[in-house]
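Protein chains: 2
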Amino acid sequence: MNAEIIAVGSELLLGQIANTNAQFLSQQMAELGINVYFHTVVGDNALRLQKAIEIAQTRANLIIFTGGLGPTKDDLTKETIARILQRELVIDEESLRSIEEYFARTNRTMTENNKKQALVLKGAEVLKNEHGMAPGMVVTIDDITYMLLPGPPKEMQPMFLKYGRPLLMNRLERQERIESRVLRFFGIGESQLETEIEDFIDGQSNPTIAPLAGDGEVTLRLTAKHHSAVEAKKSLDKIEKAILERVGHYFYGYNDDTLFTKVIEQLKRNNKTIAAAESLTGGRFLAELTAISGASEVVRGGIVCYTNEVKEHVLRIPHSVLETDGAVSEPCAKLLAEHVRTLCRADIGVSFTGVAGPSSLEGKPVGTVYVGIAMDGRETEVYSLTFGGDRETIRTRTAKYGCFAVLKKLAAAF
Amino acid sequence: MNAEIIAVGSELLLGQIANTNAQFLSQQMAELGINVYFHTVVGDNALRLQKAIEIAQTRANLIIFTGGLGPTKDDLTKETIARILQRELVIDEESLRSIEEYFARTNRTMTENNKKQALVLKGAEVLKNEHGMAPGMVVTIDDITYMLLPGPPKEMQPMFLKYGRPLLMNRLERQERIESRVLRFFGIGESQLETEIEDFIDGQSNPTIAPLAGDGEVTLRLTAKHHSAVEAKKSLDKIEKAILERVGHYFYGYNDDTLFTKVIEQLKRNNKTIAAAESLTGGRFLAELTAISGASEVVRGGIVCYTNEVKEHVLRIPHSVLETDGAVSEPCAKLLAEHVRTLCRADIGVSFTGVAGPSSLEGKPVGTVYVGIAMDGRETEVYSLTFGGDRETIRTRTAKYGCFAVLKKLAAAF
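Chains H and D are the protein sequences, given in the same order. Here my numbering runs 215 ahead of the position in the first sequence, where the first position is 1. Here my numbering runs 215 ahead of the position in the second sequence, where the first position is 1.
Quick caveat, the hints were computed from the structure, so don't treat them as lab data. Any given hint could be a false lead.
One copy or any two copies: either way a pair holds, since identical chains are not told apart in the list.
[Unchecked claim] Derived pair list, reagent style DSSO-like, types lysine-lysine, alpha-carbon separation capped at 30 Å:
no., residue 1, residue 2
1, Lys623, Lys369
2, Lys369, Lys477
3, Lys288, Lys337
4, Lys377, Lys579
5, Lys377, Lys448
6, Lys288, Lys453
7, Lys343, Lys369
8, Lys288, Lys330
9, Lys483, Lys579
10, Lys453, Lys330
11, Lys448, Lys288
12, Lys453, Lys477
13, Lys266, Lys440
14, Lys448, Lys330
15, Lys266, Lys487
When you get a sec, could you build the whole thing from the sequences and use the hints?
Okay, here's the thing in structure tokens:
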């Protein structure tokens with residue numbers, strides 16, 4: 216099965232929103248082992264929508280539409296498909312009732328145009344909308360399956376998961392399954408990683424290996440096709456093992472893992488707590504950690520020491536260190552990590568100091584970074600780093616480097 | 216000029232990332248008055264990319280590509296276009312030098328495949344990449360303009376703004392200008408805002424008024440078409456004035472302003488400094504503020520008091536308050552704001568405490584939030600709020616509410 220996802224809505228072409236529906240549905244298709252070869256976005260215009268559908272009919276046998284099912288004159292998806300396929304639109308009584316109930320429940324008056332939402336393609340399977348009004352539908356004509364879903368993600372996602380996905384899985388039952396696994400790396404560039412495992416990538420067919428870089432990280436997506444899920448898993452395990460023998464030092468997790476979720480997970484596993492002194496990163500490191508549910512078990516807190524006064528008066532960095540070595544220095548990073556650990560009574564203290572730019576600081580160039588890690592019974596380590604890029608890039612990479620260093624430290628210590 | 220935006224990358228079809236590049240470029244095109252009729256996403260596959268280009272050639276005279284300019288074998292955009300247009304690829308010496316410098320600066324070894332990034336279509340205008348390696352390019356052949364931009368938004372966006380956009384504006388010179396202005400609101404829902412100015416929206420034609428909601432904020436995009444930029448600006452000023460007479464209380468800024476950039480701007484203007492005590496938000500408020508270049512002039516720092524021990528021992532909240540009222544309480548928010556102000560020697564102290572979920576805390580339900588603001592010579596104010604949504608939503612709205620409160624306080628005080 217080859218799918219194309221067509222999003223209908225002028226708001227997408229005006230850039231008012233991103234096409235996150237296509238992302239969600241693509242993830243779903245990947246899980247189901249359905250190839251997605253194209254996404255198309257088209258505005259609320261009958262002629263251009265018709266052309267987009269005609270093109271999709273030549274290259275896909277599953278066309279998923281999002282948007283254009285609403286009550287207004289702009290909403291044209293059903294009407295256009297009905298015309299192309301020469302299918303009647305008929306009122307779905309259950310949908311009409313539920314639209315009427317929806318208005319009653321929210322104490323609003325139902326205007327006449329809302330009835331249009333209950334129209335469905337004759338012969339289509341109706342997908343109930345439990346979070347809005349417009350129902351979805353699925354119909355197969357001339358070997359092409361058309362699935363129509365509403366535009367708002369809060370309606371589309373639950374509808375697809377509850378009704379659309381099981382329906383597709385039913386049709387796929389006898390087909391080949393795709394198993395996919397993402398390996399996540401930090402501290403190595405995309406081209407270096409690719410060079411290290413070039414022979415695997417060149418020799419790939421099943422599983423395939425797809426590298427992707429972003430935000431200072433590189434991922435490898437391994438994808439295996441097999442009739443048996445067990446066989447697929449085995450072949451993924453094998454290639455993963457071979458890859459990690461070469462570049463395992465930079466590996467930190469799988470799939471949806473992030474450096475921050477791994478830090479929380481490993482702190483919990485080792486029963487350790489953490490605190491941070493953030494100069495350069497200004498709270499970013501702790502904000503990312505505390506965004507994770509359950510962080511309060513292991514994150515004690517920390518100090519955003521954006522000025523030298525806060526470093527001196529709250530974190531007790533001697534004035535002489537700030538005068539002589541400066542705030543952006545190895546001695547300062549060392550003391551910040553140690554003092555924040557003590558002050559917040561944590562097992563591990565991490566510190567971040569450096570120059571995010573745009574201007575240099577204390578005569579040190581933009582991108583100069585020190586990350587300190589203090590842990591009970593061990594000598595405090597300070598990593599001296601140089602990052603390229605703008606302010607945001609430098610701060611992000613620094614916070615991530617802190618995670619990577621904590622993970623390495625925990626792995627070495629326990 | 217009619218544009219189509221083609222994003223190239225299998226990671227988009229697998230749902231690993233959303234096509235935010237198309238959104239950004241669509242916004243840009245809307246501002247320039249260039250129609251965008253289609254977005255297409257295609258994978259790293261030469262044949263399917265070729266087909267997508269051939270379709271675009273029939274319906275657009277400006278085709279903007281993002282992605283596929285990198286060093287790996289997957290990166291096929293230039294190569295495929297070169298084949299279709301029968302144009303040679305040649306090394307751009309300046310780009311090659313800058314790639315070599317990039318590796319030298321970041322202390323990494325340049326592998327051979329990186330040279331491929333310096334290849335450009337013969338005769339193309341090269342767009343410098345100041346945030347990465349692969350240059351962009353623009354070439355016009357048979358009345359169709361092809362603009363190739365890199366995939367990572369951090370490279371694509373500055374490249375487009377600095378080099379791509381001026382180039383397009385040059386070509387548009389004699390056309391009708393579209394002037395657009397975004398008004399930003401916080402603390403009012405989309406439907407309420409729409410109801411308040413319903414008569415303006417219904418009566419709109421030029422300028423048009425387009426509301427959009429997201430992340431607890433609502434924006435109104437006003438767009439005027441005129442041959443004279445002066446006339447366009449006048450008509451925008453007029454409708455803006457009428458709108459703000461009704462809902463000005465919730466208005467905080469224009470266009471790319473954020474609540475955080477406004478806070479930094481207003482602190483600078485009033486020559487005041489700020490510090491924050493962040494329990495609920497875990498560093499998020501300060502991280503957002505310090506992400507802004509120049510924040511160090513006005514942000515002193517703060518305490519991430521994620522545990523009661525840090526509240527008690529670092530911020531000197533009396534044990535009795537934590538015992539009796541709890542950490543999530545008005546008295547605690549009040550003292551946190553006052554103490555962090557004193558501790559960090561700032562003019563304004565802000566505090567955030569509450570329940571982000573998923574579990575309730577101290578018997579208080581998820582979404583209970585207190586935001587405190589202490590300022591010299593004024594009574595400390597504490598806002599008691601209730602937010603719906605998940606952990607991330609609650610934390611984001613809380614941090615934004617802090618900004619809104621600071622802005623109102625500064626406006627009232629000076």
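- With identical chains treated as interchangeable, where does the CA-CA distance between Lys448 and Lys330 reach 30 Å or less: within a copy, between copies, both, or neither? Classified as neither: same-chain Cα gap 47 Å, cross-chain 37 Å, threshold 30 Å.
- Message: I want to check one pair: Lys266 and Lys440. Are their C-alpha atoms no more than 30 Å apart within a copy, between two copies, both, or neither?
- Response: Classified as between; 26 Å across copies, 34 Å inside a copy.
- 30 Å Cα threshold - placement of Lys487 relative to Lys266: neither (58 Å within a copy, 55 Å between copies)
- Item | Copy assignment of Lys377 with Lys448, given that the CA separation must stay at most 30 Å | Result: close within a single copy only, 24 Å intra versus 47 Å inter.
- How would you classify Lys453 and Lys477 at a CA-CA limit of 30 Å: within, between, both, or neither? within (23 Å within a copy, 53 Å between copies)
- Item | Intra/inter-copy verdict for Lys453 and Lys330 if alpha-carbon distance must be at most 30 Å | Answer is neither; intra-copy 54 Å and inter-copy 32 Å both fail.
- Message: Cα distance capped at 30 Å. Does Lys369 pair with Lys477 within a copy, between copies, both, or neither?
- Response: Both ways: Lys369 and Lys477 sit 23 Å apart in one copy and 25 Å across, limit 30 Å.
- Task: Evaluate Lys343 and Lys369 at a C-alpha cut-off of 30 Å and name the case that applies: within, between, both or neither.
- Result: within (13 Å within a copy, 40 Å between copies)
- Could you figure out if Lys288 and Lys330 sit no more than 30 Å apart (CA to CA) within one copy, between two copies, both or neither? So Lys288 and Lys330 pass the 30 Å test inside one copy only (12 Å; across, 52 Å).
- Could you figure out if Lys623 and Lys369 sit no more than 30 Å apart (CA to CA) within one copy, between two copies, both or neither? between (33 Å within a copy, 28 Å between copies)
- Item | Lys288 and Lys453: within-copy, between-copy, both or neither at 30 Å Cα | The answer is between: 24 Å across copies meets 30 Å, while 54 Å in one copy does not.
- Item | Homomeric proximity label, Lys288 with Lys337: Cα distance no greater than 30 Å | Result: close within a single copy only, 21 Å intra versus 47 Å inter.
Violated hints for the displayed structure, listed by number in ascending order: 10, 14, 15.
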